[in-house]
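Q: With the sequences and hints as input, model every part of the structure.
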Amino acid sequence: MTTSAAIGEALGRSLVEALGPDCSTAALVARLLQSSPNGMLDAVRLESAPAGAALRVLTDFERRGWVTAIGQGWTGGPERMPGGIPGFLDGAAAMYSALPHDGRATTVVTFPASTNGVVRALPRTGFSYAGLVSSDEAFARIADAAVNTLTVLTPFLNKDGLDYVVTLFQRTRAVQKVLVVRRYGGALARASERIEELARLGVDVRNYTLPLPKGFETFHAKVILADQDLAYVGSANMTRYERRSMELGVLVDGKAARVVASVVRAVEIVAERVSADRRRPAFPAPASSQEAR
1 MTTSAAIGEA
11 LGRSLVEALG
21 PDCSTAALVA
31 RLLQSSPNGM
41 LDAVRLESAP
51 AGAALRVLTD
61 FERRGWVTAI
71 GQGWTGGPER
81 MPGGIPGFLD
91 GAAAMYSALP
101 HDGRATTVVT
111 FPASTNGVVR
121 ALPRTGFSYA
131 GLVSSDEAFA
141 RIADAAVNTL
151 TVLTPFLNKD
161 GLDYVVTLFQ
171 RTRAVQKVLV
181 VRRYGGALAR
191 ASERIEELAR
201 LGVDVRNYTL
211 PLPKGFETFH
221 AKVILADQDL
231 AYVGSANMTR
241 YERRSMELGV
251 LVDGKAARVV
261 ASVVRAVEIV
271 AERVSADRRR
281 PAFPAPASSQ
291 EAR
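In the working numbering, the protein residues as written are 1 to 293.
Calculated from the structure, these hints are not laboratory results. One or more hints might be untrue.
Have a look at the derived ranges for each label pair, beta carbon to beta carbon [said to hold, decoys possible]:
no. : residue 1 : residue 2 : range
1   : Leu11     : Ser134    : 26 to 32 Å
2   : Met95     : Gln170    : 36 to 42 Å
3   : Gln72     : Gly117    : 49 to 55 Å
4   : Met95     : Ala189    : 50 to 56 Å
5   : Pro50     : Thr75     : 18 to 24 Å
6   : Lys214    : Gln72     : 51 to 57 Å
7   : Asp160    : Gly83     : 49 to 55 Å
8   : Asp160    : Gly202    : 20 to 26 Å
9   : Ser48     : Ala121    : 48 to 54 Å
10  : His220    : Gln72     : 29 to 35 Å
11  : Val175    : Val270    : 21 to 27 Å
12  : Leu132    : Ser36     : 40 to 46 Å
Glycine included, C-beta positions come from ideal geometry on N, C-alpha and C.
A: What follows is the structure in structure tokens.
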């Protein structure tokens, strides 16, 4: 009997769909779990596995009942892991690495509050619209995927939008949380008003507004990034209210997410940290509103 048959087609398909590029790490974790004399895994036993991938794998295994989190480690769960899992995941990892996989892109949309315009017209364009993902779902997915760092870049931010950003930072397990704003457009002012609350959440607030001989350097991009693995890039602003605008973006992983991450990390390096005693750095006023954009 083959390994894939031993674990069942449905389980095999579920593992590949859920773990994707983490199949190789999943095989290692499964093998460590099965070979552990007491069924325990801790940081020492997992040191050979990439930290972010290992945590994603263990979270998936916990959902299947194969492991249970205890303190600083993991132990066997209520459901017994099938013996063929490590071998199956080895095969899945080999097939996955052989595929031309530079990452996936998923279209993310925020529809206007009104249902009279694009929402009504969209079904007439064909069935592709069924693949759209809502902004809320995409942002929650990113927050859940982050292990080391969750970064939010937004040039615009109002009170309700900041409330929403706070829920993302509360939701994530990421060790580092970074909010990048700019002075113009009100984002820095909104974040500064709640800098103590953000600090208690462990959020590092940064202001990307760099003075130049004429004007300043800033940004207009909207990005939400989990480590270097999953990123949203698009038009969605963190300004929650009765919206009249449609927002459109993409959710990317793989190589595209790593490229986005390199840009975001550069921004984090040059942006100035905002603290309670230094909330509004003085910069020259923009020559025009268009320059601020």
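Q: Decide, hint by hint, whether the structure agrees.
A: Results for each hint:
no., hint, result
1, Leu11 / Ser134: 26 to 32 Å, "holds, 29 Å"
2, Met95 / Gln170: 36 to 42 Å, "holds, 38 Å"
3, Gln72 / Gly117: 49 to 55 Å, "holds, 52 Å"
4, Met95 / Ala189: 50 to 56 Å, "holds, 51 Å"
5, Pro50 / Thr75: 18 to 24 Å, "holds, 21 Å"
6, Lys214 / Gln72: 51 to 57 Å, "holds, 53 Å"
7, Asp160 / Gly83: 49 to 55 Å, "holds, 51 Å"
8, Asp160 / Gly202: 20 to 26 Å, "holds, 22 Å"
9, Ser48 / Ala121: 48 to 54 Å, "holds, 53 Å"
10, His220 / Gln72: 29 to 35 Å, "violated, 42 Å"
11, Val175 / Val270: 21 to 27 Å, "holds, 22 Å"
12, Leu132 / Ser36: 40 to 46 Å, "holds, 43 Å"
Consistency note: the structure conflicts with earlier hint 10 alone.
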